[in-house]
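Number of protein chains: 2
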Amino acid sequence: MDSVTALAFANATHSTVHALTVDYGQRHDREIIAAEVQAARFADRHDVLSLRRIGTLLEGSALTDTVPVPEGHYSDDTMRATIVPNRNAILANIAAGVAVARGLDAIVLGVHAGDHPIYPDCRPEFVTALQQLLSVANDHQVRVEAPFLNTDKAGILRVGLALGVDYAETWTCYQGRDRACGRCGSCVERLEAFSNIGVEDPLEYEL
Amino acid sequence: MDSVTALAFANATHSTVHALTVDYGQRHDREIIAAEVQAARFADRHDVLSLRRIGTLLEGSALTDTVPVPEGHYSDDTMRATIVPNRNAILANIAAGVAVARGLDAIVLGVHAGDHPIYPDCRPEFVTALQQLLSVANDHQVRVEAPFLNTDKAGILRVGLALGVDYAETWTCYQGRDRACGRCGSCVERLEAFSNIGVEDPLEYEL
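Taken in sequence, the protein lines are chains A and B.
Just so you know, we're using this note's numbering here: the first sequence kicks off at 125 and counts up by one.
Just so you know, we're using this note's numbering here: the second sequence kicks off at 125 and counts up by one.
Next up, chain A with everything else stripped away, as it sits in the complex:
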């Protein structure tokens, strides 16, 4: 949800958009299939980068390892099991490297306010520090854009629907099963956002 809406936002606000999807060994590789569909619509170019070996090194997260995916609310303390160590610093720096290589101006991240309680690498101070790092790490300057940094999931949904995003073609669930589980933190947060804006989620759930 966050990623595709960030992509649609980038498409609406930039002349050229390159999408980068990273397979870092997450259980929910359904999100990679969904990314292909969305990128075909909103991006001028799409690369899928397989970094599954990194996933095996970043052991201990429920998203990449054999630790069970916790159920409950996204902001619960139990969701710490879904933290992938240093994930956004790794992903954003790879994206920035691609941007430098191609002479692109900015990277756009889908981090949002709902992430802040649990994930340190989604907070405003992370975005500020990342911008500072990029400003000194390369001669070519890359701007960090995080349009939803102070927005909640309901706000993201409103923006995405306005921009014509088809949320039936997205994957939010942390599990990698045929249908979304409806019980993991990520599903709970998504369903709450649809409920908050009074729109029915077009996705099918196990529940």
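Please keep in mind that the hints were generated in silico from the structure rather than gathered at the bench.
Footprint (simulated), chain A over chain B, 3 or more residues, beta carbon under 8 Å:
#1 165-176
#2 210-216
#3 237-248
#4 260-273
Ideal placement from N, C-alpha and C gives every residue a C-beta, glycine not left out.
With chain A fixed as given, assemble chain B onto it according to the hints.
Chain B alone, transformed into the frame defined by chain A:
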């Protein structure tokens, strides 16, 4: 040279050392073979991470692409062709992710003063910004150590020789041929360092 000396330094100053070698598609994969030899001696654990696909995305560098490797002095402007976009930010953040996953205290980087003219991601401001990013990106704190940040290559060599590093088992050349070329910036800088301290380089050269 820088990496193995940093590894030997880490081994002398820390109780546990995990070495991480990344194959990012560089021409000189001889350095990966050399890393295995050195890690067997100076590290408690060694992982080799293949990120060759990243190399294809970070197009345009002489180290990963079909651009010719420039000859001349390491600090020459022509060496800009050997810049891999955002390289150290990507590598250091992967290392930091591994450190967070394993509860390790620090990452040790081999960046040094001789790198500063050409490579922005080896300068003191890069190390400072990286430390700041890591301090906000994860709950587990990882310190950035760059023992050679203000040291030149000759100083690195003196430290390494004192710590018993066997420089016959290292690979510095940017080319990936059977013997080191002796003419690329990296070879020139290495030979200069040995010459400066009055020691003969144990490596065989094409020259």
